[in-house]
Structures are given as C-alpha cells and as structure tokens.
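Please construct the entire structure, taking both the sequences and the accompanying hints into account.
Each chain, letter by letter, is given below.
Protein chains: 2
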Amino acid sequence: MTTPYEKFISAVKEVYALRSAQALLGWDQETMMPAGAGEGRAHALSALSKIVQEKYCTPEMGELSQNLLEDNNLSLAQKSIVSEFKKDRDKLVKIPPTLVEEFAHTTSLAQQVWAEARPKNDKAAFNPWLGKIIDLLRQKAECLGYDGNPYDALLDEYEPGATSGEITVFLNDLKKETVPLLHNIMDSKVKADSSLLFQPFPVSVQKAFNNVILKEMTFSLDTGRLDVSAHPFTEGIWPSDVRITTRFSETDVMSAIMGTIHEAGHGLYEQGFLPEYYGTPMAEAISLGVHESQSRLWENHVGRGEAFWKHYFPEFQALFPTQLGTAGFDTFMLSLNSVQPSLIRVEADEVTYNLHIILRFELERDLFAGNIKVEDIETVWNTKSEELLGITPDCAGNGYMQDVHWSVGLMGYFPTYSIGNMYAAQLFHKVHQEIENLDEEISRRNFHPLREWLRAGIHQHGRMYPAKKLIENATGEAPSATYYIDYLKEKYSRLYKF
Amino acid sequence: MTTPYEKFISAVKEVYALRSAQALLGWDQETMMPAGAGEGRAHALSALSKIVQEKYCTPEMGELSQNLLEDNNLSLAQKSIVSEFKKDRDKLVKIPPTLVEEFAHTTSLAQQVWAEARPKNDKAAFNPWLGKIIDLLRQKAECLGYDGNPYDALLDEYEPGATSGEITVFLNDLKKETVPLLHNIMDSKVKADSSLLFQPFPVSVQKAFNNVILKEMTFSLDTGRLDVSAHPFTEGIWPSDVRITTRFSETDVMSAIMGTIHEAGHGLYEQGFLPEYYGTPMAEAISLGVHESQSRLWENHVGRGEAFWKHYFPEFQALFPTQLGTAGFDTFMLSLNSVQPSLIRVEADEVTYNLHIILRFELERDLFAGNIKVEDIETVWNTKSEELLGITPDCAGNGYMQDVHWSVGLMGYFPTYSIGNMYAAQLFHKVHQEIENLDEEISRRNFHPLREWLRAGIHQHGRMYPAKKLIENATGEAPSATYYIDYLKEKYSRLYKF
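Keeping their order, the protein sequence lines are chains A and B. If you read the first sequence in the working numbering, its first letter stands for residue 5, the second for the next number, and so on. If you read the second sequence in the working numbering, its first letter stands for residue 5, the second for the next number, and so on.
Heads up, some of the hints might be wrong.
Copies of the same chain look alike in the list, so a pair counts if it fits in one copy or across any two.
[What the hints assert, rightly or not] Straight-line alpha carbon distances no greater than 25 Å define the calculated PhoX-like cross-link-like pairs of lysine-lysine that follow:
#, residue 1, residue 2
1, 179, 91
2, 377, 11
3, 54, 11
4, 59, 17
5, 83, 127
6, 195, 98
7, 179, 211
Derived by calculation from the structure, the hints in this document are not laboratory data. In this text, all values refer to a predicted model and were calculated from it rather than measured experimentally.
Below you can see the structure in the form of structure tokens.
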C-alpha cells in the first residue's frame, strides 16, 4: 500500500529531477553550448518548462498537499516539504499559462532589444519594452496578491516573506550611515590606488591560483565543477552536482579571484544540503538573500579581509613578481578595498554597492506604488544617483539602462543583494564569537571550521525555516542592519584612517 | 483552426525537444559531470525517459498518426514523418512499462557486475546476469514480433528492416574472402611494424593536430564541439548542436586522430540534416549501419588512405621530428595499416575487425535461434575465435566478456559495424566515379566536395528512405559486399605485396 505521503513525495522528486535537467540545460547554454545551437536549446527548455509547470499544477498534487498539511502523523521535515512545495505550487497555479507565455516571449525579445539599445543609449527603442514588462509584472502581482504595494508580490518571489516596508527601513538605516561614510572616505588623506591590481597578469597563472583557493575553501570537485562564463554564476544541478563559473581578465587580476570566491560561497551552500532531502524543497535555498549572504560572506568578509591575505599574499606576490614584487601588504589591502563612486553597479566596491541597490529599490518600489511613470525613470534615476553617489550618469547606457535585469523581467530582485550583505555581516560577527580563533584559522588557510559552522547554522536547513528565522536561529537575534553598518564603519575608518 | 497535421507535428517536436534534453544529460555524464553526481543524474534521466515514453504513447498520437497515414493532402516528407514516428511509437507501445523498467534496472546492475567481473574473469558472477538479459531480450522480441528468429526483432532496433538471413549471406561472403586474405597477409614477406606509432607523443601537440584535421574536415564548431571522454562517441543533441569526443593516449598517437576522424564522420551526418526537418524523424539517422558508414568512410577510406596522408604526413612528421623524423612515407602507411590478429575487437585493424563482428553475430543469432545455451557461450566463442582469427582467448576477460555491450543489453547491435563497412566502401567507390579528381582534392586537404556529395546523397535525407534504398539511390545499385571485399583485397595486396 502506498501512503498519500509516499505518493506525494515521489511526485515531488520527479519534479525536482526534471528541474535538475532544466538546470543542466541552462548551465550548458552559458558554458559549453556551441554558438549556433540557441534555437534547438530554446525548444528543449520550453518543452521542459511546460512539463515542470504541469507537474506542479496537477489537481492531484493540489489535493494531496492540502490533505497532507493536516496529517498529524508527518514529521516536522515532512510537514515542511509539504508546505514549501504547496507554496510554490500555489503561486504557479495563480498565474494563467497565457501570462506565463506572454512574459517569456516578451522578455526574450526585450533582452535582445536591450542588448542593442544599451550601447546606443536608444531610450526610444527600450522604453516601450520596459513599459510592457512593468505592465506584465503588475498583472503577475495582481494574480499573486499582495497587501499595500504590488511590488511586495514581486519581492516575495526572491525573498519569501519580505515586504517593501521592512526593506525600506533596513535600506534607510544603511543609507543614513553609508552616505556620510562615503564622504569621510572621499575626504580622507589616504588615497587608494587600485592600479596595482590592473596590470597584465597571465591568465594561466591566475587559473592555478584560483584552483588552489577553491580547493582550500573546501568546495568539493567530486560534487562540483569550476568553469568559465561571460558572467560568473552558480547552478545547483543537484546538491551533488554544483557548478560554479568565474571569468578571467588579463588586466584585472581580482575579477576571477573574487568571482571564484563569491560563487564558491554560493556553491558551498548548495553542496551543504542534507542527502536525505535531495530532490525536495528541504535541499534548496530558502531565499536569494540567504544565498547571497553566503557568497558575500566568503567574498567580502573572508576574501577581502586581512586574515585571508595574511598567508595568501606572499604566495600571490611570488606568482606575480613583476606586477606585485615591491608592493607592501598594506598597500595591497588598500588597493583591494579601494572605494570610488562609479556609475556601474557591477564594478562597485563594497561601500558604494549598496547605494546602487538603494537607488534601484526605491525606484522599483515607487514605480509599482504608482508614484513614478516609465517615462520618468531616467530622471528619477539620475537624481538619485547624484544624491547617493554624487555623480550623474553621462548617458542612459551607464544609467537606468545599464543592467540586464529589467529586460528579463527581474524586478524585486536587486534588494536581495543588500539583504545578503546584512545577513553576511551578522553571521560573520556571530561565528567570530563562537569560534574564537577564527581569524587565525583563516590565515592558516583552514576554512573547515567556518564551513562547518555555516553548514550547521544555514546550509543543512534548506527551506525548513523562513529566512529571517533561519538567521535568528543561527545568530541568536533577529536580522538587523547594525552588524553590517558596524562592519563597514570599522573596516573603512581603519583603512582610510579617520 | 489547427489542422490534425499541425497538432501532430507540434507534439512530435515536443518529443524531440525532450529527447534533446535527454541527449545533453547523456553527453554531460560522459564528459563533464563530477564523479559524485551519478545518483542525481540517474533520477533526472529516468524522469525524462518516462515522460518521453508517455508522450510517444498517448492514445491521441496513436489516433492522429493512424489517420494522417491515410491523408492524401500530405507531402511526401510529411507522410514520411508520420510513418516513421508511428513506427517508433508502435514499437514503444508494444513493450509493457514493467519490462522496460526491469530491463533498465537489470542492465544498470549488470553493467556494474561486468565491470568488476571482467578483470577477474569471474564467469560465475557474470553468466547469471547475461542469462537474465538474454531472457529479457527474448521477452522484448516476443512483444515486438518477428518472422523466424527472435533475433530479427532485436536487429530491427538498430538496423530497421535488416534480417539475420540477409546479414548471414553478407557476412558469409565477407568471411569467405577475409580469412584467406588474412592468411596471405600473414604469409607475406612484408612485415608491418606499428611500433613507429607507439612512442611517446606529447598530448598538447596531438591536440593541435587533431583540431586542424577536424576543421579541415568541415566539421562545424559553430554547431558542434570536440571534447574528451573515456570512449569516443558522438551525441547529436540537436542537428545544430553535435558533440563528438575523442581520447588522447601519450603512447598511441593514432588513437586520438582516428577517434576524431571517425566521430567527425558521424558528426557530419548529424550536422547535415535539413533545418526544415529539425525536431522530426526526417532530421535523424535512418540506421546505425548508415551512421557507421559515415564514420568508417572518413576513418578508413579517407583517414587511413594515401591521398589523405600525402599532404598531412610532412606536417605530422614536422610536429614530431624525434618520433617520425626518419620514417619514410611507405613505412608510415604500412604502420598505419598493419594487420595482426588480436583478441580485442576495439584494437583490431581493418581486416580482422569484421572477423570479430562475424564471431559475435553468429553467436548471437544462434543463441536466439535456440542453438546455443548461455553456459556454452564461452566454448562457442573460443572455437570461432580460433577458426576466424587463428587465436584462442587466454581468458574470458579477453574473450566473451571483453565488450560492455551485452551487459547493457546491446544484442543485435554488432552487425551494424560491418554493415557500415560495406556501405562505406560502396559509397566511396561511387563518389570516386562521380568526382574524378577526388583523391587530388583529398590530398589538397579539400574535403568539401566529398562532404557535399555525402550530404546530397545521404545526410540530408534523414529517415526519408529505408537504409538499403538510401544506399541504392546514392550509388545506383542495391547494397552489395563486392565493393568492400574488392577494396580490402586491392588495398592489402598492394600494401603487403602479394
């Protein structure tokens, strides 16, 4: 006799197995696929996506998950699997297939329009598509339902449970502290010179160094890979098949290293789910903010920190004697952490990065609240850029048209980057309290204690707890911007001596 | 209004899109997948395979294809798409899912048993699994139906329309000529010394040379890739995404080159289907024999021929001056084509290769006809080996347990290798008549005329004509062993001077 739960879990595992195939097709498209194979791949992805959607939405799965929610014989983990699956299913059921199709079709075309329009600053070409996407996202929000701002329905896709209200509070706190911090840095007599890291660095030597770091970070190559792609990303095909990418620039040595450390941080999360939950929501990230907390903890708190470089720097210097031979440790650390307001988010440093996010968040929030019209986006963007960063874009391509995100329909996504920063700081603060000699271990290139702590506190829980609860469980208090603000102030006042 | 054909073709294209995903998962497993990811991959493949099976077998597709067969408004190509799809569907419908599942389960385990048993010559471990597989294949043959020998139902899976009767005639002709040919070669005063090609050859130089050949063969890297795997293979993920592999041996320089040329021959077939038929049976190989004819034409008739090496040899020699610096062209050609009976099929030369196939074919045929029992396989194998090759295996691992094929359930598959040889010789003979200066073009490294002829005669037709008809259309006569036998006799009597 098959129990209802057995029936349910076997269907869930089928869905996750099919999603694993989707993930591989996506990864391959960015890393291995020949240039001329795009059309065939689009057919395969769209056929798979249709089937996955159908498998989630069968009436049987609706009934089973509804009934199992009330089944008191289930364990806590089983209950969580049921309720998290049901949550995903409920969302999918609410959006009519015609809207899904129109959204896919529109964003696929809009992305091409954006790619052509951006270098030409062709606002007239891009704006109608942006308007159409915003309109479709409004329809989606209406289907999903929300309290207050329709934007909250979009946020929930990436950061379940987050609201624009609470993100506003957090980002306002951050803004209030970051803007004066940036002024202090700019006014400091200490001037960072990042040109040290922008010289010709042979890629083959870079590769070898990246592989050493990756291995020492304990990213498993038995259950993962590192490849190269145009934009670094992590694809969890299965928790035992986690693929990360980086990119190598001959003239920017930190591009690959920071890409590798960042993505390996994501990768360790995906490799840290518990095997007994593979193929269920319990072996999946709870939110993008939590995912980003892992990548940013490793990239910024570890990879841009003194403890990390204390022992890596001599090796790094020995690998590149012509480029780094005469540089002192302090000069190097300052180069690595140099702060300079710039127009482009993806090139921003740790301090100004959040200002880019605040700009996008406030704009998206007010757009969906009905306070901004599409044709006003550029003006609002430029005003906020001046206010936050002290600079105004020289053109739309370096302003509101710079990111691919909007053209592919990603609105409500940007704030997860800053949420990740906040969570990362709180986690890193806590792990320092719990592992007293953590800096020492890091500077001995022993990342095992840190990885184990993150695994126990975050990774292994999958989607068992909501993001905020997960952070609270791991750190003993509710998420707060304090640790992140303190971290930024302490680090940069030290580096820039004020 | 959607016509029945539009409805049908859209479902066909969905099936082929899903099969494209399956193909990618298979390719990735052999080339890129981390070692520890096998279990997750098995889930994904089995979920996909179940869905593909279901999509073929819906009652609606049965009804649609039946009705469309009688629709006189369809074009010839549309009719062929319907009838070929229906042929595939009819086979799938006949085999009960329980048998499919038991077969997949059994062969998956049997392959592991084989891999462990072979090095230990552990017949007691392997034979029960072999017996079980033969039993399941008998059940499959009963489901599929056959005239005479159940083996014909299995042959039809790989070489549609072929029968054991006609293959017996062909292979008897070949045997009658090959055995004395081999004796003449062995008795010749000319002794080939293949050790010239078994020296240390740096892999990086080999790789560069392989890439040159691949490009000159006109294999498109815009719609294909070359990678490395344990056993070379070709995976057509889509006709615009054809992936071939080779393997590099430091001490056997021809292993990679012949692997590349062979697989590129397969690859050109897959790249040569017509774009308007992508996602249908008209953009698919008609049989394994025809597929193999393409790989073997390139590998043997081109890649082991004088015209090919006339211009490649000086370059090859210059790349490896220490290894090949003093060798003359004739010595090199003799090394490349040296004949020596050996126990292992995959290491066999062009002359003895077919004897290995004849052995397996006769054994499989008689096994399914009920004339041989599982426990007699080794004795029959060893007797035939002595009779055909003049040598008896020293152990089961070098005898009947040498190939992976039986353990994964591939019976009826081996003959397609010799059918491919026969078709290749007939095609190569014909193309020489039609393109008078073909050898000259090949020796100028211009493979375009040959590729175009194969594309026009074979590739572009997909499954439009049955294999034998396709060869007849391309060459003006029904397939016959004559050209292949003449080719072998002419080539080897010239090389071995008798």
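Going down the list of hints, with the structure as the test:
no.	hint	verdict
1	179 - 91	neither (33 Å within a copy, 67 Å between copies)
2	377 - 11	neither (49 Å within a copy, 43 Å between copies)
3	54 - 11	both (22 Å within a copy, 17 Å between copies)
4	59 - 17	both (11 Å within a copy, 20 Å between copies)
5	83 - 127	neither (49 Å within a copy, 49 Å between copies)
6	195 - 98	neither (54 Å within a copy, 77 Å between copies)
7	179 - 211	neither (37 Å within a copy, 55 Å between copies)
In summary, the structure is inconsistent with hints 1, 2, 5, 6, 7 from the numbered list given earlier, while agreeing with the others.
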